[in-house]
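Chains as they are written, first to last, in our numbering: chain A, -12 to 343; chain B, 997 to 1357.
Mixed in with the good hints there might be a few duds.
Stated by the list, open to error - Pairs of lysine to any residue, SDA-like flavour, derived with a Cα cap of 20 Å:
(1) Lys160(A) with Gly312(A)
(2) Lys92(A) with Lys1225(B)
(3) Lys1008(B) with Lys1248(B)
(4) Lys92(A) with Ser114(A)
(5) Lys92(A) with His1192(B)
(6) Lys105(A) with Asn95(A)
(7) Lys91(A) with Asn1199(B)
(8) Lys1186(B) with Pro55(A)
(9) Lys105(A) with Asp1187(B)
(10) Lys92(A) with Lys1186(B)
(11) Lys91(A) with Asp1187(B)
(12) Lys91(A) with Glu258(A)
(13) Lys13(A) with Lys130(A)
(14) Lys105(A) with Gly325(A)
(15) Lys33(A) with Gly226(A)
(16) Lys181(A) with Lys1008(B)
(17) Lys92(A) with Tyr1060(B)
Unchecked claim - To give an idea of the chain B side of the interface with chain A (calculated C-beta under 10 Å), a few residues:
(18) Gln1064
(19) Ser1165
(20) Glu1317
(21) Leu1321
(22) Gly1335
Since the hints were made in silico from the structure, they are not lab data.
C-beta: ideal position from N, C-alpha, C; glycine also.
What follows is each chain in one-letter form.
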Amino acid sequence: MKFKSILTGVLLAFGLGTAAIAADVKVGFVYVGPIGDGGWTYEHDKGRLAVEKHFGDRVETIYQENVPEGADAERVMTTMAMQGADLIFTTSFGYMDPTINVAKKFPNVKFEHATGYKRSDNVSTYSARFYEGRAIQGHIAGKMTKTNKVGYIASFPIPEVIRGINSAYIHAKKVNPNIEFNIIWVYTWFDPAKEADAAKALIDQGADVVLQHTDSTAPQAAAKEAGNVITFGQASDMGEYAPMPRVSSIIDDWAPYYVARTQAVLDGSWESVDTWDGIGPGMVGIGEISDAVPADVKAEALAMRDAIADGSYHPFTGPIKKQDGSDWLGAGETSDDGTLLGMNFYVEGITAEVPQ
Amino acid sequence: MIRLEKRRGISKLWTTLTPVLAVFLTMLFGGLMFGLLLGDLSSAFGAIKLIFWDPLFDENFASYARPQLLVKAGPIILIAIGLSIGFKAGIWNIGAEGQYILGAIFGASVALSLFPRESIFIFPTMILAGAFGGFIWALIPAVLKVYFKTNEILVSLMLVYVAENILASVSQGLLRNPDGMGFPGSRNLKDYPSAHNSEIITNSGMHWGVLTAFLSVILAYFLFLKHQKGYEIKITGEAPKAAYFAGINPSKTIIFCMGMSGLLAGMAGLFEVAGPAGQITISFNSGYGFTAIIVAFLGRLNPLGILMAGLLMALTYIGGEIAQLMLGLPGASIQLLQGMLLFFLLATDIFTNYSFKTRGS
Chain A
-12 MKFKSILTGV
-2 LLAFGLGTAA
8 IAADVKVGFV
18 YVGPIGDGGW
28 TYEHDKGRLA
38 VEKHFGDRVE
48 TIYQENVPEG
58 ADAERVMTTM
68 AMQGADLIFT
78 TSFGYMDPTI
88 NVAKKFPNVK
98 FEHATGYKRS
108 DNVSTYSARF
118 YEGRAIQGHI
128 AGKMTKTNKV
138 GYIASFPIPE
148 VIRGINSAYI
158 HAKKVNPNIE
168 FNIIWVYTWF
178 DPAKEADAAK
188 ALIDQGADVV
198 LQHTDSTAPQ
208 AAAKEAGNVI
218 TFGQASDMGE
228 YAPMPRVSSI
238 IDDWAPYYVA
248 RTQAVLDGSW
258 ESVDTWDGIG
268 PGMVGIGEIS
278 DAVPADVKAE
288 ALAMRDAIAD
298 GSYHPFTGPI
308 KKQDGSDWLG
318 AGETSDDGTL
328 LGMNFYVEGI
338 TAEVPQ
Chain B
997 MIRLEKRRGI
1007 SKLWTTLTPV
1017 LAVFLTMLFG
1027 GLMFGLLLGD
1037 LSSAFGAIKL
1047 IFWDPLFDEN
1057 FASYARPQLL
1067 VKAGPIILIA
1077 IGLSIGFKAG
1087 IWNIGAEGQY
1097 ILGAIFGASV
1107 ALSLFPRESI
1117 FIFPTMILAG
1127 AFGGFIWALI
1137 PAVLKVYFKT
1147 NEILVSLMLV
1157 YVAENILASV
1167 SQGLLRNPDG
1177 MGFPGSRNLK
1187 DYPSAHNSEI
1197 ITNSGMHWGV
1207 LTAFLSVILA
1217 YFLFLKHQKG
1227 YEIKITGEAP
1237 KAAYFAGINP
1247 SKTIIFCMGM
1257 SGLLAGMAGL
1267 FEVAGPAGQI
1277 TISFNSGYGF
1287 TAIIVAFLGR
1297 LNPLGILMAG
1307 LLMALTYIGG
1317 EIAQLMLGLP
1327 GASIQLLQGM
1337 LLFFLLATDI
1347 FTNYSFKTRG
1357 S
C-alpha cells in the first residue's frame, strides 16, 4: 500500500465527516430490519433509492439498518440530526416515542414516523391501508383452500396487524363459511428462523394457505418446500416465489410519498400531516396474481381491487359483529378510521384470542 | 519445525496480552473487510478510525458519542460482572436477557402502580424491585439445578423466551398505557420525574445505572481479591472436588452465583427501562444479556477486564453506527466486526494454553 493512497483515504474519510455537504437537503432513513430482508425494509429502501434517483445531486440520503426499537433508535436519530439531516423517516411502529423525543431536541429537523399515532409540529405520521390488500388475499385464500385452514404468521398484536387478520378473515369467510384461521404470534418483524418455524407449524396443522405479517421470505421458502401451500408476498412482491407458492402480494410503494415529502422540504412547504393511503392513491399495490389462481377467482380479486381503489367498496362494511357477539357495524355501514386505527378486537368467527 | 507444547498452567502474560492482540487483529482484518466492501483498500484505515477513534476524539462526534458510550456500556458491564461471578465457579447463566426483562418489568410495575404520585422513595423502591425481579428469575434455574440436577444452561436460556412472552403480555395488558389508544407499551417513565432514571450530571450520559455498573466492578474486584466467598467461587470453578472436600457447599455456591448474576441483570433492566428506553414495550430488550456473555469472556472474567471490554463493545456499536452513516457500510459488517473480536480472542487463546517450541536439532 502506497503511503499516498493511505493518506488520501484518510483525508477522504475525514472529509466525509467534516466537509459541508453539497446537496440542498439531506434525508435520513431509520430501518428496523436489514435492507435485504426482501420485505418491509427492502421496500422502504426502494423508496429511498427513488428519492436519490428523482433529485440527483440536490438530495443526499443516509440510512441505518437493523436499528432496535428503543434507546438505540433515539441515538441513531440524534446522530443523523447532528450530521445535518433535514428530514428523517423512521420506519417502524416502535420508533414512535424515540421519534417524538428526538424531534423535541431538533425543532428544525422534520421527522416522518411510519404507522404511529403521535404527531407534533415537526413530526408527521404516514401509513398505508394494508388491510385493503388483505381483503383480496382473504378472498383468494377462501376460494383456494382445500383444507379450509388458513395459517397466519402475525408479528405484534398492534392494531395494524389485528386489522389485517380481521380483513383477511371477513373476506375468506364470505366465500367459504367453513374457513378456520390459525394464528401464530412470533413477536418479531424480522426473524427468518422464527418465521420459518411458524410456517412449518401452521402447515403441519393442516393449513394450505399461509399469510404472513412479517418481513422475510422464509415463510415462502417453507411453503415451497411443503408443496401445495399458497402464500402471498408481504410488503414486497417476493416475485421470486411466483407462481407457486406465492400467488399474489401486497406491495408497499413508499416512493411517491418519500419523493413528495422531500420535495416539500426543498420547497419549504413541509407541514406536519397524517397520511393514510391505500390502493387508490397507489401506496398499496396488489402484485401480479399468478396462474396458480383459477381465472374466475383472479377476475373477482381484480374486481375487488378496482372497487376498493375507486372507493365503491370498503373492506369493513357491515353487518359485522365483534368476536364476543356484540354488534359492531350495521348492514351497509362502513367503519370509521378511528376505530380501525385503534383496533384491538377480532371479528366474530375467529376462534383465537387477541394476546393480552 | 515448530511444535506446540501444553503449558503446565495458563500463561499470566498471555492472558493479559491476547485481548489486546485480538483487538488489533480485529482492526486489521475488519479494516481489510471494510476496504473490500467499499471497493477501495485505502478507505480501510478511515473506516477503522471512524469506529474506534472518532466517537472518542473527533470534534464532530465526541461530544455526543462519549456520553452515549457510557449509556450503552453501563448495562452490558453490570450484567457481565454478574455473569462472571457464576462463570468463575463453572455455573453458566446464559439467561441474563430474561433476568434483565423481569427486572425491568418488576421495577416499572412499582412506578406505574404509584403513578402519578411524586416521592423521593419511588426510585429506590424501583431499584429494589428490579433487583428482586432478576434475582427471582435466576433462582428458578438455580433451584432446579440444586434439587433436580437440571442443566442451568438450558433452563436459564429457555426462561429468556418465557420472559419475552411475559414482556409481550404486560406490554399489551397489565402495564399498557391507559392513554395509549389501545396500542401496546407502558407510560413513558421519562415523563414521570420520581421514576425517571435521569442523568446525574446533565449530558454526561452518567445515569444511576452507569454509576452502579462502576460500583459493581469495584465490589467484584474486592469479592475476588479479599472475600472468602470469592475464594470459594474460584475453587469451585477450578477444582470442584477439592472444593467439596474443603467443605464448600456446592448448592450454596450455585444459589449465590445465579442469584447475584440475576440480581445485577435485573437492576440493569430497571435502569434501562427507567432511563434510556423509558417504557416497557414488546421489543424492549435488545440483546444486552447475550452481549454481556461475550464481554465477560473478552474481559477474562476479571472485573477491570470486563470494564474495558464493555466499553470497547459499546464503542463498536456507537462507532459502527457512525461508520454506517458516513460510509454507507452494511449493518451486518459491524456485527461481523464484533464477531471477529470474539473469534480472534478464542484463536489467540492458544498462546495462553500452549507454548511454541522449535524442535532442537
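For each hint, the structure was consulted:
no. : hint                       : verdict
1   : Lys160(A) with Gly312(A)   : 16 Å, holds
2   : Lys92(A) with Lys1225(B)   : 48 Å, violated
3   : Lys1008(B) with Lys1248(B) : 30 Å, violated
4   : Lys92(A) with Ser114(A)    : 24 Å, violated
5   : Lys92(A) with His1192(B)   : 18 Å, holds
6   : Lys105(A) with Asn95(A)    : 18 Å, holds
7   : Lys91(A) with Asn1199(B)   : 16 Å, holds
8   : Lys1186(B) with Pro55(A)   : 19 Å, holds
9   : Lys105(A) with Asp1187(B)  : 15 Å, holds
10  : Lys92(A) with Lys1186(B)   : 14 Å, holds
11  : Lys91(A) with Asp1187(B)   : 13 Å, holds
12  : Lys91(A) with Glu258(A)    : 16 Å, holds
13  : Lys13(A) with Lys130(A)    : 48 Å, violated
14  : Lys105(A) with Gly325(A)   : 14 Å, holds
15  : Lys33(A) with Gly226(A)    : 15 Å, holds
16  : Lys181(A) with Lys1008(B)  : 43 Å, violated
17  : Lys92(A) with Tyr1060(B)   : 13 Å, holds
18  : Gln1064                    : 5 Å, holds
19  : Ser1165                    : 6 Å, holds
20  : Glu1317                    : 6 Å, holds
21  : Leu1321                    : 5 Å, holds
22  : Gly1335                    : 14 Å, violated
The structure fails hints 2, 3, 4, 13, 16, 22 (numbered hints given earlier, in ascending order).
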